[in-house]
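Asks: The residues making up each chain are set out below.
2 protein chains.
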Amino acid sequence: MITTFEQIYDLLRSKTKKRLVAAWGVDDHTITAASKAIELGIVDVTLVGDSAMIAKVCEEEKIDMSIFTIFDYKEELKAIAYAIDLINAGEGDILMKGLCSTDKYMRAILNKERGLLPPKATLSHVSVLQNPNYKKLIILGDMAVIPAPDLKQKVAITNYVVNTAKALGNTMPKVAFIAATEQMLEGMLACVDAAVLSKKCDRGEIKGCVGDGPLALDVAISPEAVEIKKLKSPVAGDADCLVFPNIESANVFYKSNSQLMKGVKQAAIMVGAKAPCVLSSRADSIETKLNSIALAAATAK
Amino acid sequence: MITTFEQIYDLLRSKTKKRLVAAWGVDDHTITAASKAIELGIVDVTLVGDSAMIAKVCEEEKIDMSIFTIFDYKEELKAIAYAIDLINAGEGDILMKGLCSTDKYMRAILNKERGLLPPKATLSHVSVLQNPNYKKLIILGDMAVIPAPDLKQKVAITNYVVNTAKALGNTMPKVAFIAATEQMLEGMLACVDAAVLSKKCDRGEIKGCVGDGPLALDVAISPEAVEIKKLKSPVAGDADCLVFPNIESANVFYKSNSQLMKGVKQAAIMVGAKAPCVLSSRADSIETKLNSIALAAATAK
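Respectively, the protein sequence lines represent chains A and B.
Here the working numbering is used: position 127 in the first sequence is 127, and no number is missing along the way.
Here the working numbering is used: position 54 in the second sequence is 1054, and no number is missing along the way.
Hint data in this document are derived by calculation from the structure and do not stem from the laboratory.
Just so it is clear, CB atoms sit at the ideal spot from N, CA and C, and this is done for glycine as well.
Treat each hint with caution, since some may be false.
Using C-beta positions, here's what the derived DEER-type ranges look like [claimed, not checked]:
1. A:Leu77 x B:Lys1232: 37 to 45 angstroms
2. B:Gln1183 x A:Asn111: 45 to 53 angstroms
3. A:Lys207 x B:Gln1183: 30 to 38 angstroms
4. A:Lys135 x B:Ile1067: 24 to 32 angstroms
5. A:Arg107 x B:Thr1102: 29 to 37 angstroms
6. B:Gly1208 x A:Thr4: 44 to 52 angstroms
7. B:Lys1232 x A:Pro118: 55 to 63 angstroms
8. B:Asn1111 x A:Pro118: 53 to 61 angstroms
9. B:Glu1186 x A:Asn111: 56 to 64 angstroms
10. A:Glu186 x B:Glu1113: 27 to 35 angstroms
11. B:Val1196 x A:Thr4: 51 to 59 angstroms
Heads up, simulated DMTMM-like pairs for lysine to aspartate or glutamate below, C-alpha to C-alpha not over 20 angstroms straight-line [stated by the list, open to error]:
12. B:Lys1229 x A:Glu224
13. A:Lys301 x A:Asp103
14. A:Lys229 x B:Glu1224
15. A:Lys62 x A:Asp103
16. B:Lys1229 x A:Asp103
17. A:Lys229 x B:Asp1027
18. A:Lys56 x A:Asp28
19. B:Lys1230 x A:Glu39
20. B:Lys1230 x A:Asp27
21. B:Lys1262 x A:Glu224
22. A:Lys265 x B:Glu1224
23. B:Lys1074 x B:Glu1039
24. A:Lys230 x B:Glu1224
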């Protein structure tokens, strides 16, 4: 079982390389991250965008342009659409956002005729954190895409985090359904939904994991807290995956880790489309961008 | 302005001591914390409970029993009620939970005839964190009492964190209304409420603070994130107080700090009653209990 990002890189180097397609991949951030990913041996890269802009960046950044496959599209929207066509045609395994806005990128993915979303699929978001104060990777959803997940969407989120854990070699991940308390308070929706989700795991309606909740964050991840509270749970103190009850709690968890702690490594991908989509922002460090590419490659079909 | 717990202790030693009343204060946890608080010079302590039980603990823990004022009540419920009577009679400034269950403690506080809640008051919860990776104390609400605050309750929470900041010497605290994003997405309740709360601060309907939101956690506390996202805000990157949109996000923030980071100091009190109430659990360290007593003493009238 993989417990660090370093091990994800090792895993990828031992397998056939996945093909990353960067939509409007014409800026220094995208091209630098893509070249480093090639250097690390974790993906092959296709850039879809204006080849003159790409050539300029490569010259400035001293990157050998021949390491990329390039499809020359001078217009942003056409470049994005062609990048998605490549994925739909089986010519790419991972989509990555280039210089285009998140809005344009998302519209293209969600486009009914030419997009990437299978019928009835739920688009969601999976993040992975490596925190030096926890013994393994933490896989969580959804901090960025579904604002107020209903029960059906929480089932989808659960399946996504479980599938991510499996892609990282964890055959039976432990999933904590997070609430503000581990008391089964029937007046709190997060608690009620957590109980229902737990039972769905017990009944095999959600497969391939051990699930329990409601669990407050402390008992989900701290064996000491479990000991003090004398809680009996097959998940508490040892969670691999955290399913949060709303986007705010997931977002706050991820950003507490990234902003207020030292030595945390992180990655995030969008899931539910035909291929994992990397949606990193300019604010992400190069390391986070590479981790996200690696996560996408590890989970791509 | 106070930026560390150590400075709160200094402040308390320079002022008239507040009187802490421990309801059913008969156990080693409560009595040890109370004796250390006296030793640190931050409060005077009255224990209401079975004097034989108190004597036994004092003997075992080698604590001089004469440092306490003791009211001998052999029955738990009567002890709790009398402790509250003392506060109502002006004989105590802070209530602290002893060995009694949270349930009994809360019922007594909420009791209509003999409790501590003023008419129409909103009971809430304020926490304070000292994180080595942030330049000052973080004051937040509500991680424990109001499950899904409506706008009126969010106003109350805001006033509580602002009053806490003022008690700690911050005359014009910066309040961040937290959401999953700083984009003003009208489909997300947390964003809409944050905008309304901000405007209430602008209009002086919420007084004595500078408020802004919606702010995601990263831009609330990280000047670097603000710089990268080119956000203009009088609060972003420098928040003193965080008002969370729901109990889960606040709870997750507090517990991420306490469980996944090293060197974090913390305190929590219940507010909205006639006196601040300390509601620490057996799981809290002695340091956290003392910090909570200090916070209560600093905010008590």
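Asks: Look at each hint and say if it fits the structure.
Replies: Now the hints, each set against the structure:
1. A:Leu77 x B:Lys1232: 37 to 45 angstroms: Distance hint for Leu77 of chain A, Lys1232 of chain B is violated at roughly 30 angstroms.
2. B:Gln1183 x A:Asn111: 45 to 53 angstroms: Distance hint for Gln1183 of chain B, Asn111 of chain A is violated at roughly 22 angstroms.
3. A:Lys207 x B:Gln1183: 30 to 38 angstroms: holds, 36 angstroms
4. A:Lys135 x B:Ile1067: 24 to 32 angstroms: violated, 43 angstroms
5. A:Arg107 x B:Thr1102: 29 to 37 angstroms: 50 angstroms Cβ-Cβ, so the 29 to 37 angstroms window is violated.
6. B:Gly1208 x A:Thr4: 44 to 52 angstroms: holds, 47 angstroms
7. B:Lys1232 x A:Pro118: 55 to 63 angstroms: With a Cβ separation near 41 angstroms, Lys1232 of chain B and Pro118 of chain A fall outside 55 to 63 angstroms, so the hint is violated.
8. B:Asn1111 x A:Pro118: 53 to 61 angstroms: holds, 57 angstroms
9. B:Glu1186 x A:Asn111: 56 to 64 angstroms: violated, 23 angstroms
10. A:Glu186 x B:Glu1113: 27 to 35 angstroms: Since Glu186 of chain A and Glu1113 of chain B have Cβ atoms about 28 angstroms apart, the given range 27 to 35 angstroms holds.
11. B:Val1196 x A:Thr4: 51 to 59 angstroms: violated, 44 angstroms
12. B:Lys1229 x A:Glu224: Status violated; Cα separation ~39 angstroms.
13. A:Lys301 x A:Asp103: Roughly 26 angstroms between the alpha carbons, so the hint for Lys301 of chain A and Asp103 of chain A is violated.
14. A:Lys229 x B:Glu1224: Cα-Cα ~39 angstroms, so violated.
15. A:Lys62 x A:Asp103: violated, 31 angstroms
16. B:Lys1229 x A:Asp103: Distance ~16 angstroms between Lys1229 of chain B and Asp103 of chain A Cα, so the pair holds.
17. A:Lys229 x B:Asp1027: Roughly 18 angstroms separates the two Cα atoms, so the pair holds.
18. A:Lys56 x A:Asp28: holds, 9 angstroms
19. B:Lys1230 x A:Glu39: violated, 32 angstroms
20. B:Lys1230 x A:Asp27: Holds - the C-alpha atoms of Asp27 of chain A and Lys1230 of chain B are around 19 angstroms apart, at most 20 angstroms.
21. B:Lys1262 x A:Glu224: Distance of about 15 angstroms is within 20 angstroms: holds.
22. A:Lys265 x B:Glu1224: holds, 18 angstroms
23. B:Lys1074 x B:Glu1039: Not OK: Lys1074 of chain B and Glu1039 of chain B at ~27 angstroms, beyond 20 angstroms, violated.
24. A:Lys230 x B:Glu1224: violated, 42 angstroms
In this structure, the hints that do not hold are numbers 1, 2, 4, 5, 7, 9, 11, 12, 13, 14, 15, 19, 23, 24, in rising order.
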